[in-house]
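2 protein chains.
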Amino acid sequence: MTERFSFTLSASDGAARTGEIKTPRGTIRTPAFMPVGTAGTVKAMHPDHVRETGADVILGNTYHLMLRPTAERVNRLGGLHKFMNWQGPILTDSGGFQVMSLSKLRKMTEEGVSFQSHIDGSRHMLTPERSIEIQCLLGSDIQMQLDECPPHPIDYEGADKSLEMSLRWAARSKAAFAQKANPGMALFGIVQGSVYEDLRRKSLNGLTEQGFDGYSVGGLAVGEGQEVMFSVLEQITPLMPTDKPRYLMGVGKPSDLVGAVARGIDMFDCVLPTRSGRHGQAWTRHGPINLRNARFVDDDTPLDSTSDCPASRDYSKAYLSHLFRAGEPLGAMLLSWHNLHYYQQLMGQMRAAIAAGAFDKFLADFYAEQGAEA
Amino acid sequence: MTERFSFTLSASDGAARTGEIKTPRGTIRTPAFMPVGTAGTVKAMHPDHVRETGADVILGNTYHLMLRPTAERVNRLGGLHKFMNWQGPILTDSGGFQVMSLSKLRKMTEEGVSFQSHIDGSRHMLTPERSIEIQCLLGSDIQMQLDECPPHPIDYEGADKSLEMSLRWAARSKAAFAQKANPGMALFGIVQGSVYEDLRRKSLNGLTEQGFDGYSVGGLAVGEGQEVMFSVLEQITPLMPTDKPRYLMGVGKPSDLVGAVARGIDMFDCVLPTRSGRHGQAWTRHGPINLRNARFVDDDTPLDSTSDCPASRDYSKAYLSHLFRAGEPLGAMLLSWHNLHYYQQLMGQMRAAIAAGAFDKFLADFYAEQGAEA
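Going line by line, the protein sequences match chains P and S. Per this note's numbering, residue 7 is the first one in the first sequence, and the count goes up by one each step. Per this note's numbering, residue 7 is the first one in the second sequence, and the count goes up by one each step.
Isolated chain P (complex conformation):
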């Protein structure tokens, strides 16, 4: 448990990079996709199956966990890793994004954001210091500064004012982290600035001056569309420190991941594989399919006969279709598993392609296979 947090690049191919993040809880191969364990569980998944898909790290949500079962309770029970029976690294967000999207009666000031719980209406205050305190109580290996994620679209002045406050919150987060965190824990700063190139630069420069263990790109995947998102990445990633991990928050579809890796991103998280799995959607190398579709009721082929994932290999589409039609829990369990496995397989293919200097060929194959649905 005394190993330091570190990041080592082993190969690049164009802007795409592959490497390893070392943490006291284990190694994260990058580019990495982090399944989301919102409330202390990757929904409908046994943790050992999450691990078997190839996930090196999962994400926990500060907002959900602070409200229920509370960070103090998780801490008393031995921390989040023990609580949810996940031995690998855990990354936590700051809670800020979900306060804005889920809570009621929010009020943001320079001090932080006060809000009412969407669960029981209780009042809470989230400040940069409290967010770090919670993430430390949870025992998070990779922590995020509290920031403001402005809506899209937002005007230039609003975006500027917002990122300035996020920079001040970054400094307060860093100070709190220096006081509270255990050796080996890491803190990431978050680049904001909406779609404005000079604001993104300003945000990044402000963060690198302070110095963080890694840099997240926030404020994307909020409705701006893939083209705009890629354009922002093309502007900002060439300016980001090459020796620190780059994390694109809340992204995304397989084609988002591929395009962002091609633009120099190392880490991702998204609820999409598990959420769409619960709703009958399977991600495959030929694009997404919905198992509720009538064409699958007599389809005796599995999602992927060549897969080493039981969920992908051992059940027919007709059976999965039946499970969703009958409202059986196993449907969500199998499709979440399949989707997470597909995502990890995709990340593994990208790592191998970058290491082999063959990322262009990977891209060509990916787009050819995905076809119009990518």
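One copy or two, either will do: identical chains are not told apart, so a pair holds if it fits within one copy or between any two.
With a straight-line Cα cutoff of 25 angstroms, these simulated SDA-like cross-link-like pairs (lysine to any residue) come out:
1. Lys323 - Pro335
2. Lys88 - Arg331
3. Lys49 - Asp314
4. Lys88 - Thr312
5. Lys49 - Arg284
6. Lys49 - Ser261
7. Lys49 - Gln287
8. Lys323 - Val303
Keep in mind that the hints were calculated from the coordinates and are not lab data.
Dock chain S against the given chain P, drawing on the hints supplied.
Okay, now just chain S, sitting in the frame of chain P:
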């Protein structure tokens, strides 16, 4: 796949028996508990976990499967074993019990029972012949005759009239089975007669004259209470053929299983471990507990630290409590798994105790541990 169905007793201790049922799909150790896979899935369970709990055989419901996805579709897709990825033996009921409890606009005649689907309102007719046809289409290893399960209480004349028809349906089921079934498949007759000793005898005699591969005891666990149920078993099991398996349908709580094994029963099925697992109730050797209870929110002990079942051993009661409070699917997944494992462990202990001639000691220990909650 050519092995015959057979039953061999290896030991008895008082009325309790242990042995093996051989089927082309594998061996069933008795006394056996069969998890219920209502609609082609043991709810919220991966099939390999069901197997790992020690289950040798599972039950499928003819009523549910005939309506959705339909027996013909399951047959086209290769049969129920392949469909649900369960390689071991499968026992199916006749559909009759659930037609009476779940369907609408039922009409029973000597021919059979016509009814409306509770899913889509479609009209169906279930006769002894059609029930066997469906069970053969599913590929069921152990099939049940169509019978009438009368309500409790029912008067003597009503029970008599009902069991007479069930005997005629038994003969029709047997004739249909002789035509349709594959070698190695088995057909059980079902003893009815409500709480009337001479009617139970009459039903049993009628069935043994016809001759079946096993004998089920039906019409119990329908509200008569444990004492009456045990009393009926004490009257009937001493008269049942010793060389055929005896199956008590739809039972039950752990104390029901133990008491029925003590009275000579070999096989059980019940939704209780999975249903109560989905509702936060865990069965333990100290009786049932409800994980939603406030006393568990800070309890860092697992359900059973000595268990070899991950669900029982690797998660604290506090975590399980959190999962149920947060409405997370993993709560139902883990408690269903734990409960099925506890049930199989109990069956294994009974088999071992009977084999060792120590069933009395097992009973004393069981009741002492269960305490007042048994």
